[in-house]
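K.L.:
As you go down the protein sequences, you meet chains A and B in turn. Residue 11 in our numbering sits at position 11 of the first sequence, with consecutive numbering throughout. Just so we're on the same page, our numbering is the position in the second sequence counted from 1, plus 84.
Simulated from the structure, these hints should not be mistaken for laboratory data. From the three backbone atoms N, C-alpha and C, an ideal C-beta is built for every residue, glycine too. One thing to keep in mind: the hints can contain errors.
[Stated by the list, open to error] If you only want the chain A side, here are some residues facing chain B, beta carbon under 7 Å, derived:
| id | residue |
| --- | --- |
| 1 | MET1 |
| 2 | LEU4 |
| 3 | PRO27 |
| 4 | VAL29 |
| 5 | GLY35 |
| 6 | ARG37 |
| 7 | LEU49 |
| 8 | ALA52 |
| 9 | VAL55 |
| 10 | LEU61 |
| 11 | TRP64 |
| 12 | THR65 |
[Claimed, not checked] In silico negatives: residues of chain B with every beta carbon more than 10 Å from chain A:
| id | residue |
| --- | --- |
| 13 | LEU170 |
| 14 | TRP268 |
| 15 | ASP288 |
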Amino acid sequence: MRSLLRTQLRLALSVLLLVVGPLAALPLVFTLAPGVRAVSVMGLPLPWLLLAVVVHPVLVLAGWTYARRAEQTEQQFVDLIERS
Amino acid sequence: MSPAVGWVAVALVSVVTLAIGAFGLRISRTTSDFYVASRSVGPLWNASAIGGEYLSAASFLGVAGLVLAFGADMLWFPVGFATGYLVLLVLVAAPLRRSGAYTIPDFAEARLESPVVRRLASGLVVVVGWLYLLPQLQGAGLTLGTVTGAPAWVGAVLVAAVVVLNVVSGGMRSITFVQAFQYWLKLTALLVPAVVLVLVWRRDGSPSPATAGPGWLLPLAGGDPTDLYQTYSLMVATFLGTMGLPHVLVRFYTNPDGRAARRTTVIVLGLLAVFYLLPPVYGSLGRLYAPDLVARGRADAIVLELPGRMLDGLGGDLLGALVTAGAFAAFLSTSSGLTVSVAGALSQDVLTRLPLPRERRLGGVAAFRIAAVLALMVPLAIALSTQRLAVASSVGLAFAVAASTFCPLLVLGIWWRPLTDVGAVAGLLAGGLASGGAVVLVIAEPDRAGWLGALLAQPAAWTVPTAFAVMLAGSWLTPGRVAPGVDRTMVRLHAPEALDLDRGSWQPR
């Protein structure tokens, strides 16, 4: 049981680290390297492209991956218990 | 737009909402139907309902208004509103569903086996709920005033009346259908005009809104360290506050099991992703076609006014009516969800415990109905008597209080076995008093400058760590008070339903 809890918590924290980490770094990057803000991609300034568009599909993908991994972990746990 | 068109749009949404509610009424009979729709709702319905309930006045009107007025820094609002769902998904969705609790107070009682924590959590549900209802009602007043010229109180009273009728007659079951309908209405109402308006903008030669200067176009352009603090504090509040919003959590109990709760949340993330692409479009176009709204302090009305500004005649009228209908759907759906949650807390922990003689004691359903009326009366009174904060800022404060109280309770309760009732109470009080105090000071005096103003307007960055620290320290100091059934509760929270295990005998009331 404890190992299940630990595995799930590790999975949750790594998803958060991978998604929220870079997001949280953005304001700092914009402050420390103001030049980055002015970069323009396809006519949109980089901050707008990242915050208004790119972030959303990334969140959905992260959520989908997480849900699949969490289900796999649970299935392994069920198999383990039922074999014993 | 002519007032008649606005009235028709508002009346239509209200009538359809009540009609779907009445349809749900026929299948809603028992107390558990009232709270959680008997957990028999499919995942897409449920995800639409969650989305419908979550996309409030702040998302529909407020975000576009803030982008119009302040530019790139405000893009963090929609990002935070969406990311909050990812955090909720990975940290609480499945375990919370498996706990079998209907509400946060139920969860607190099941996990910590303490009626004191339960009652404190109920009190906080009411506070957060009222704080979040306030901007919904004020937004309704603003909307109706903008499209019909009616005085501000009319819209607030109208929304309150429709919500009370709906909640009192059908409870959660009817609310689930209404909410699901509202999501699709809100999406259509924002998407269709946005497409048309972007085409008009292209016909006009695609002018750039950037002429407003770099302060609007680029984030953190002022170089003021309080801006950076406010951005981070907003991130903390929205990322961690979403899981603590009472009307969001109650939805998770309508999933059949923990796995379905996760899958539903992923669908919700998709629905939110589509929706949140749109408000920045309105904010940016507003910069070109309606910049005067900012100076007049009416930036929140941009979504409503833009179609009429960019299109003449019937086209502008029809699209204006559509966004008005969407805005009303936003007020109705979020207010309904909040009212159900606040009424649940009030009826279970206050009204059914009144020291009345046995024959006059209130039954579950009767208490719920009375509580629903009470739940709306208080914020309505406040909405009618205070000066208006920007819609999204007051919603931001509700997120900050939720993040400073329920987030530590849920996260530590689910993942940290040594949490004790004493630690939980201390943490809830510390986080609640700190963030609640900041809210009171901001509502009393909204325009404080400098660091004090920033710390109060966006308190989450210091109140959330405080709450976590107090909750951890309180639990460390009272190791003997770990709930006796904690091991069984942890099994219940984390073990897949497929396993036949001892999950304890706790049942929600």
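K.L.:
Report the numbers of all earlier hints that the structure fails to satisfy, in ascending order.
P.N.:
Numbers 4, 5, 7, 10, 12, 13 - these are the hints that the structure violates, sorted from lowest upward.
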